[in-house]
Each structure stands twice: as structure tokens, then as C-alpha cells.
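Enquirer: Kindly produce the complete structure, drawing on both the sequences and the hints.
Protein chains in written order, with our numbering: chain A, 1 to 341; chain B, 1 to 402; chain C, 1 to 385.
No lab work stands behind these hints: they were computed from the structure. There could be a bad hint or two in this list.
[Said to hold, decoys possible] Pairs of lysine-lysine, DSS-like flavour, derived with a Cα cap of 25 Å: (1) B:Lys95 with A:Lys113; (2) A:Lys72 with B:Lys95; (3) A:Lys87 with A:Lys113; (4) B:Lys379 with A:Lys113.
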Amino acid sequence: MKFRVFAAFVAPSLLLMLLFIAAPLVSVLWQSFHVTQVEFETVETEVCTPGFITQTCQTETRTRPVLDEDGKMVSTTSFVGLGSYRKLLEPDRFVRALGDLNWRGVMVIDFWKALRFTLAFTLFTLPLVVGMGLLIALAVNSAAKSIRGQIIFVSLLPFIITPVIGAISIRWLFVGDGILTALLEWILETDIAVLANPWSLEFLMMFYRVWHVAPFAFVVFYAGLQTVNNDAIESAVIDGASRFERLRYVVIPHIMPLIVFVALIHLMDAYRAFEEIIGFSSQAHLISLQWLTYDLLTPDDSGNRAISRASASAMLTMIGIVVILVPLLGKTWRDHKAGSI
Amino acid sequence: MRKYIYALAGGALMLGAGGAWGGCAFDNTVPLKSLTAGFEAWKAVTGAMSECGNVEAELDQEFRTKQPAAFAANPALYQIGGVSNGTFTPLYDAKTIRPLDDLVAKYGGQLKPNQLITLDGQVWAVAMMVNAQHLMYRSDILSDLGIAAPTNYDEVLAAAQAIQDAGVVDYPLGGTYKAGWNLAQEFVNAYFGHGGDFVDADNMPTVNNQMGMDTLALMKALSAYMDPEYLASDSTYVQQQFQQGKIAMANLWASRAAAMDDANESQVVGKVTMAAAPMGPAESASTLWWDGIVLAANMSDEEADAAFRVAMEGIDSEMVMANNDAAVWLIDGYVPGMSAAGAAATAADGARPYPSATWMGLMHTALGNGIAAYLTGEKDAATTLADIEAAYTQAAQEAGLL
Amino acid sequence: MAVARAMRMSPQLRLASGAFILVWCVIAAFPIFWIAVMSFKAPIDAFASNPLHVIFGPVTRMGGKGLSVPDILIGLALLWVFIRFATRRLPVLVRRYSPFGNILVGWLAAALFYFAAFVLVFFGLLPPVMGALNGLLGTLGEPIIGLTLEHYISIWIEDGFHRNFLNSMIVTTGVVAVSLTVGTLAGYGIARSGSHLAFWILIIALVFRALPHSVLVAGYLPVFINSAEILRPILGELAPTLYGKPFAVIAVLVAINQPFTIWMLRSFFQNIPQDLDEAARVDGCTHFQAFRWVIMPVMWPGVITTGLFSFLLAYNDLLVTSLLLDAQNQTMVPAIAGFFNRETTTTDQVEAVAAAVSITAPLFLLIMVFQRQIVSGLTAGAVKG
Numbered sequence: 001m002k003f004r005v006f007a008a009f010v011a012p013s014l015l016l017m018l019l020f021i022a023a024p025l026v027s028v029l030w031q032s033f034h035v036t037q038v039e040f041e042t043v044e045t046e047v048c049t050p051g052f053i054t055q056t057c058q059t060e061t062r063t064r065p066v067l068d069e070d071g072k073m074v075s076t077t078s079f080v081g082l083g084s085y086r087k088l089l090e091p092d093r094f095v096r097a098l099g100d101l102n103w104r105g106v107m108v109i110d111f112w113k114a115l116r117f118t119l120a121f122t123l124f125t126l127p128l129v130v131g132m133g134l135l136i137a138l139a140v141n142s143a144a145k146s147i148r149g150q151i152i153f154v155s156l157l158p159f160i161i162t163p164v165i166g167a168i169s170i171r172w173l174f175v176g177d178g179i180l181t182a183l184l185e186w187i188l189e190t191d192i193a194v195l196a197n198p199w200s201l202e203f204l205m206m207f208y209r210v211w212h213v214a215p216f217a218f219v220v221f222y223a224g225l226q227t228v229n230n231d232a233i234e235s236a237v238i239d240g241a242s243r244f245e246r247l248r249y250v251v252i253p254h255i256m257p258l259i260v261f262v263a264l265i266h267l268m269d270a271y272r273a274f275e276e277i278i279g280f281s282s283q284a285h286l287i288s289l290q291w292l293t294y295d296l297l298t299p300d301d302s303g304n305r306a307i308s309r310a311s312a313s314a315m316l317t318m319i320g321i322v323v324i325l326v327p328l329l330g331k332t333w334r335d336h337k338a339g340s341i
Numbered sequence: 001m002r003k004y005i006y007a008l009a010g011g012a013l014m015l016g017a018g019g020a021w022g023g024c025a026f027d028n029t030v031p032l033k034s035l036t037a038g039f040e041a042w043k044a045v046t047g048a049m050s051e052c053g054n055v056e057a058e059l060d061q062e063f064r065t066k067q068p069a070a071f072a073a074n075p076a077l078y079q080i081g082g083v084s085n086g087t088f089t090p091l092y093d094a095k096t097i098r099p100l101d102d103l104v105a106k107y108g109g110q111l112k113p114n115q116l117i118t119l120d121g122q123v124w125a126v127a128m129m130v131n132a133q134h135l136m137y138r139s140d141i142l143s144d145l146g147i148a149a150p151t152n153y154d155e156v157l158a159a160a161q162a163i164q165d166a167g168v169v170d171y172p173l174g175g176t177y178k179a180g181w182n183l184a185q186e187f188v189n190a191y192f193g194h195g196g197d198f199v200d201a202d203n204m205p206t207v208n209n210q211m212g213m214d215t216l217a218l219m220k221a222l223s224a225y226m227d228p229e230y231l232a233s234d235s236t237y238v239q240q241q242f243q244q245g246k247i248a249m250a251n252l253w254a255s256r257a258a259a260m261d262d263a264n265e266s267q268v269v270g271k272v273t274m275a276a277a278p279m280g281p282a283e284s285a286s287t288l289w290w291d292g293i294v295l296a297a298n299m300s301d302e303e304a305d306a307a308f309r310v311a312m313e314g315i316d317s318e319m320v321m322a323n324n325d326a327a328v329w330l331i332d333g334y335v336p337g338m339s340a341a342g343a344a345a346t347a348a349d350g351a352r353p354y355p356s357a358t359w360m361g362l363m364h365t366a367l368g369n370g371i372a373a374y375l376t377g378e379k380d381a382a383t384t385l386a387d388i389e390a391a392y393t394q395a396a397q398e399a400g401l402l
Numbered sequence: 001m002a003v004a005r006a007m008r009m010s011p012q013l014r015l016a017s018g019a020f021i022l023v024w025c026v027i028a029a030f031p032i033f034w035i036a037v038m039s040f041k042a043p044i045d046a047f048a049s050n051p052l053h054v055i056f057g058p059v060t061r062m063g064g065k066g067l068s069v070p071d072i073l074i075g076l077a078l079l080w081v082f083i084r085f086a087t088r089r090l091p092v093l094v095r096r097y098s099p100f101g102n103i104l105v106g107w108l109a110a111a112l113f114y115f116a117a118f119v120l121v122f123f124g125l126l127p128p129v130m131g132a133l134n135g136l137l138g139t140l141g142e143p144i145i146g147l148t149l150e151h152y153i154s155i156w157i158e159d160g161f162h163r164n165f166l167n168s169m170i171v172t173t174g175v176v177a178v179s180l181t182v183g184t185l186a187g188y189g190i191a192r193s194g195s196h197l198a199f200w201i202l203i204i205a206l207v208f209r210a211l212p213h214s215v216l217v218a219g220y221l222p223v224f225i226n227s228a229e230i231l232r233p234i235l236g237e238l239a240p241t242l243y244g245k246p247f248a249v250i251a252v253l254v255a256i257n258q259p260f261t262i263w264m265l266r267s268f269f270q271n272i273p274q275d276l277d278e279a280a281r282v283d284g285c286t287h288f289q290a291f292r293w294v295i296m297p298v299m300w301p302g303v304i305t306t307g308l309f310s311f312l313l314a315y316n317d318l319l320v321t322s323l324l325l326d327a328q329n330q331t332m333v334p335a336i337a338g339f340f341n342r343e344t345t346t347t348d349q350v351e352a353v354a355a356a357v358s359i360t361a362p363l364f365l366l367i368m369v370f371q372r373q374i375v376s377g378l379t380a381g382a383v384k385g
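Expert: Take a look at the structure:
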């Protein structure tokens, strides 16, 4: 295919991605190295606000932004280099705590706390998602043909349901005296508060993620199982391979590309974990990298937001995901080179 | 959420465009849009505004994010805005809202002086209601146990202990301690109760002191009587715990009071009494909030005229009479009911208004993100407060405030 | 013979596998089933801590709203008929009556009709009929399970949730259509090019996919709000304010979803033999003609599967739609999230649950209809890594 033809085919998609992803990305990168400060002035102001019955008026010193002739705020943007990254990573405090072998000291720094959770969350759920997906796929594949349709339908429900709603529906089963907490309390005869402990929260959040994503892994693997070559299985049987060996040496290698695909998608999505933090209100105990970015970007009542630090946090998140993906991408690269020759 | 608006808009369409409809005194022909928060009082007010026709009301939980940008656009994307003393600041500072003096003179005859939010002699917003967190308690439980209604935090703690010993409810106390905005708000209340100030004249933080320590200690003492999941419970959840009879006392928003007696939701109808916010060691441990209406600067005078008249219809006595218990209204025609008693008593105790200032937003965020670590035991009080001051200073420097 | 015996599962394994499937299905469906139960109860019942109260709804029942034994029996029977019809008769009817090549349109129409019939029978026809019947039956006709439709009525009729539904449909349809059009072109180009550039485009797209959405969205907001001012020098008075416009949100969601779409479609195209387009080219077709008339007709399974993923993304999105749309164009998910925010009452919450169940219903239908296509589409050779 000639380059011009190729370009014509790819152009619309590239244009959209450049406009709506690459352009914001460049601006995020730029903002992570700059800080925009508004110029403030302090004035004496008489302020009257309502009491219940009467008006209360008082004179206060009020710090307010300076406005120019056009009514715009006067602001200066300056280059700060890695300043925003440093504020986020707090390297001095990090190194000091690390030097004292003080794990707690590291975990009080928001970024490292978020990174710890995000990594644990991503890496723990990965084998669970792949494993559950594979198990369900194998079990469905060996179920009677007549009920397979219904099982597939039910299995796909957690994947298709709107994530916010899925998270809330699971939260309600556990929050306070939710029915599942009540059940656990009845069985174990202790008082349980799932949302009050970091470990139970973390477990619940991982459970939710696996519940939500395993069906996707399942349906991909199940489709893969339909294409397993029967001759290969039969010759394995003739060679005396047990059921497990057939799975290990024939089936899994066959669907390996699918496992890589599912792992790739899952790593990316789990590393961006966000709904879980909001859905299970875990921010007092556990935060994720995307939540940190989101929190820095959310304006407070007075409209302030830490855009520079949020940009730095977003860039660090992206670097992290690229590092995690490198092994998988390396494999894709080798496949590509093999294919293009 | 928007049932009133759509129902009314639908009704207006069916009746045709001729003549003013329903409770509106005039027929609005200028297309207007409003952007406000979404709680009960705003539902009532925007519903009444929509009766005038050509008003599209947006009640949006993202209004904090959208308002400053949407009002700064030229022309502004919304003509009418709903603000509180917190969210008023960015609009006023950027002067994207207009002074209302001439409009008040022209159409605002019925407004009371304490509805006018005045800065430097100019009216910038018209308040419609006040709100405050105050004590709500189960009067049946307290009188059964022979406990007098607590008026300060020592008495609250003593009462909580007595209720816990009696074992009549799941948890003696409820608290809006959800990490973030809610938790910070509780700190603000209690810190004011200790007589503290958040910043000095140069906007430098002043929370790392004995009053700050005492405030944290008080919060921790209170949290011992709460549902262990207190760091995830917001006002809706606390309100629900009250309605289900799981808690006996809580410091909750006045705007939530009416829900206690809503027979469709509540199992404790008539049993919850409203009282003033408990006193801290120094003064009332609560803050007064107002909610009101602002008009965008970037619109034509005709639009501003229409927008103001529509807004006045939204906060007229008729609306108040139809929604008397939805809020503690400042508007003529309001009959302070049982649910307003707590807010009135809190105001009478001299609770401070929540500061409308840039530094307060920064401080609120720093508190909201910092306090949880103390309550979970990750940090001690001194480190917590030092970190909060550092977070505030850092954000204030970035914003240009310091 | 020996092979067949070795392939057969031992009874223990069969039992274990069956039990596992059963447990999984319960775990998968229970949370959704539970919110569905909650949505039919009065607020006090819905949030009761005793699960039996949630199921049987004593408060709801006292309000005189509920199901009697005949209600349940007839309801279940009708439900069974509907499901049988959907799985057995409907596919046949669609295949028979949909115009050739437009099986997708046929399915959409069938799904709409089916849904309408379902709502009509269960919510329009059944309540009055059963009400009369229960009246005749006396004690047997008294409700044993509390159930009320009031939350659904207030959501759909009083709150005007149908407007959000329509907005969701506009955004979702737009995203699926644009995403597939743009994505198939790019996927085909990349699959057939084989150059390093194509590979790097793919990798960069993947990295784009990893970007936290909250950053992107926060970046869009000021630009979208001021777009009229920004674009005025170029477009003059025609410059649009992108904020609040469904087409702008469609463009954003398409862009965000492009990486995944391209990846999926590329693998589909790779599995279509290159000989096919080469033969077409020999016959004098241009690349585009070969793509349109030779490749696309065999691509439908892949396109449908990819389209379903686009549909899910657009339909379920909260972050983009809640910030970039205003009330008039708001889709269903941000509207529901609005009910759950901190300024709501318990009634609002149950109504939100009813809304949540309502928006799940079309997804149910979609999966029922397209389930086979998903599996066969993926089987046909999507995702080869």
C-alpha cells in the first residue's frame, strides 16, 4: 500500500486523536513545567451578609485578584522546571523516610500512597481477571449446549452495566449494615465495618474490579476456545496427555495472544482506577493516581485548582503505564517485525 | 431531580404561550438559563422561575467547576447563577457577575435588607436562605435516659456515653465526616468553636496551634461514638441513619431537618428535635451559610432586566408558602417551623459566617485532604496540622496568594 | 473411541464445573438483581437492613401496593413467553423480514418493537387487568410482596427522564456510527500497510488510551466554553460554543475510543486474506473500492462486535458527559449521578435506583440480541494480540 493511500485511510482517525488527545496532552506537558500565578491585592472592604433576622456588616481586609482594563485577571506564567514534579514526589521526605526504613513515613506522602495502591491494585487483579476469565470460559465451554446462551448472558451482565451503578450496587451490599455485611456478621459473630478498614476496602475494590472485568476476559477467551484445533487435542490425547496437560500445552498456547490482549487492556484500565475510589468513598484510606490527579483538578469553593501539580501527576501516571506496558509492547513489536518480513 | 421544571414547562406548553401562567406575574420572552446546585431549595426556586416561561434551569452537581468558566465567557452561557458564600468568591473576584443596585431599586421592592449581599456599598447577590449545621437529637431517647439536651461538646460526649451504655441505638452519634469537603467543614465548625482563626493578616496559615490540636482531639473523641465507617458518610447517609433510627444525635444541615418528619422515608417522625449547634470552649461551633442568586456581567441590559425579574419570581412569597419547610428562607411569608429552630438558635448563639475568601477555599481543601490521616492514626496531631499548613502554603503560593 | 472417552469429563469434574458456573452466575447477577428489587420498594423498605424487608417490602405492602400470588404466577408465565419468543422466534422473524444486508437495521427495529411491547404488556396492560382479577379473588388476591412502580413513574413521567434517554441515544448512536466509520478506515489502512509507521501509530494510540480521562476532560472544559471566542477570527459569526453540544461530546468520545477500535478492527482485517483485496485490485478497483465493496461485506461480525464496545463506552460514560453537556443535553448516566450526590433525599436515591435499573434494561436487551454476534465475532478472528 502506497504511503498516500495509507495516509488517506488513517487521516480521519489520526486527526481526531491529534485534536482531542494529543493536543490536550501537549498542553498538559507544558503546564506541568509552568505555574500560572494570579496577582492579588489587599483592600479594606465592608461586607454585609445575612444573619438569621438581621444583616451583619463588618469591615474586613480582603485579598482579591487585580483586574486589568478589560476586566481580566492579571496573571504571570513562569517556568518552574521540575518544580511541580518535586512538590508531588517530595523526594527529600521520601528519601529520608526510606533511609529510616520507615514505610509509614513513605505512605503519608500522597503520591507514593497512590502509587502503592495503584500498583498493588493493578498487579493483584491482573492474574485474578485472567484466571477467572479462563475458568469461566472453560466451564461454560464444557456446559450443555442448551443452557450456554443463558449462562453467557448472565456472565456478561457485570461487564455491560454502567460502572458507577455497578460500584454503587456492590457498595450497598456492604455499606453500614448492608445485607452481605449483616450476613458476614451473623456467620462470624463479630461487628464488621467494611468501609472502615483499609484492607477490607482494598479487598472489596479488587473484588469489584474482578467482578466487572472478568466477563470481558471470559468472552474473549471463550471465543478463542471455539477455534482450538480439535486435531491437536486428539493427537495430545493419543500421546496420553491428561486433561490438565492438554490445557497447559495445547489450549493455553493457542489462546496466548488473547491472554496478552486481555492483560494489556486490563493493565491500562486498572492503572487508571478511579470509579472504585469514588464508588466506595475510600479516599480517607486509599487513593489512586487518577484520583489524585482528579482531586488536584477539582476546583474548591473559591475556584482554585492546582493545575500544574495535576498535570505533573497525569504525566507521571502516563510514564508509569508505559513502563508497565513495555514488556507486552516488546512482544507486539517482535510479532510485527516477524510479520512484516 | 428536575421534576418541577419539566412538569411546569410541559404545563406551560400545553396552555400555550399567551399570558402569564401559574405563579408568575409576567410573561417572560427573553430566553434565560440558570446554573445552580441541586438541593431541595433550588428545586423549589428554579421551579418557580420556570413558571415565567423561557427559563431553562440546570441543577448540576458540577456547578462549582462549570460556573466560573461559563460566567467568564462572553456572552455568558448562563444568565442566572446560584451561589453560596463559598462559591460566590470566584465569581465576585473575577467580576463576572454584575452589581444589582439599580435592578433592586427597580424590581426588588419586596426584598428585605438582610437579603442583600453587599460589598463596598454595592449589591452583588440576593440571598434567599440561610443554612447551618446544628444539633439534631432524638428527644424520645434523651428523655427516656433522663439526659438534658446537650448545649456544648462536653455534654454531647457525656450524652453519647450514656446512650452507648444504654444500648438503645446502633451508634449514639452521626457525623458528616466523609473525607474531603465534609470532613473539612466539620473541622471548620469545631475550630471556630475553639475561637481559632485560619489565617493571619498576611494570609499565612494559623491552624498549627493548641486550638487546632484540641479541635482534632475533639473530633477523634466524637468519632469514637460514630459508625466506624464515618470517614465515608456524607450528609445523605447521616440523614438516612437518623431516619432509620440508627443514631441518636448528629450535627446536620438545617436544610435536612424537614426530612426527619417525612413519613415516606423516616421511621422517627416527630421524635427528632432541632437545637442550636453545640458550643465549643470559646464560641458556637458552627458556620452560617447563605444561598442566593447572582446575575452574569456578560449579558445585555435587557437580558439582565428579564433575568432579575424572573429571579424575583423564583424567590417570592408564593414559592415560600408552597415550600415552607424546604429551607430556612429569608423571604417574606416564611413561617419558621420546627425545622428552623436549630438554625435560628445557632445564629442567635453568634455562629460566624463561613468566610467568603480565596484563602478559605485553599484551606478547606488542605483540611479535607489532611485530617483523615489523623483520624485513621496514620499521623499524630502535630504532623497532621503541620502538613495541612504546608499543603495550604504550597497551594497558596502556586495560586499567587502568598 | 478411546479419544472420545478421554475427552469426556469425569463426574466429579462435571459437578465441580457446574457448581462453579452456578456460583459465578449468582455472584454476577446478584448485585443487579438486588438494585432491581430495591427500585420497586418504598424508600423505607428499600434501605431496610433486614434483607427480608427489602424483598417482601412490608411498608410498601401496607401502602396497598404489591403483588398477589396470581400476579406472580401470571407475571412469571408471561415473562417466560417473552424470553422464549426473544430467543426462538425473534431471530427467525428478523432474518425473514429484514432487507438483505441490513440485518442490523432489522435487529434494531425488532429490539425497539419488542421493548415497546414488553413495556406495554407489563406496565400498561397487566396492572389494570390484574387489579380487577385480584378484586374478584378476595383473600387470594391480597398482595404478599410489596411492589410499587411509583419511582419509575416519577422518573419517567415527572422528571422527564425520556429526554435524558433521547440524549443518550443521540450521543451513543453518533459515537458508534462515527467511531466505526473512522475506525474501519484506519484499521484497514494499518492492517494492510505493514510499515513501521503503521506500527508506531498503533503503539502511540495505545499510549493515548492509557491517559487518565480526568486530565483530558478538565482540559476540554475552558476551551469548549470559550470556543466561540477562540474560533471567531476563523469562522466569524458561525463559530459555535462547543460546550453543551452533543456533537462535540460525540467527537471527544470517538477520539477517546479510537485506540481500542483501531486495535480491534486491525486484527479483524488481518484475518481477512490479503488475496481478496488483491484480486479486487487486479479487477481494476481502487484501494477504497476494494475496501468498500469486497472487504466490508465480510467484515460485519467484526464491525458489530467492535460497535458493541463503542456502544458500551458511549452509553456508560460519566466523566465526559457530566462536564461537557448542559442540562438540556444531559445523558442518562450523569443525570443519575446527580441523584446520588450529597444533596439528595432517600426518595431521590430510590428514584435514582429506579433510573439505574431503567438504563440497564436496554443493555440487557442489547446483549440478549447480540450475544451470539459477540461470540461469533470474536471467534471470527478478532484480537489476535
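Enquirer: Look at each hint and say if it fits the structure.
Expert: Tested hints:
no., hint, verdict
1, B:Lys95 with A:Lys113, "39 Å, violated"
2, A:Lys72 with B:Lys95, "9 Å, holds"
3, A:Lys87 with A:Lys113, "14 Å, holds"
4, B:Lys379 with A:Lys113, "14 Å, holds"
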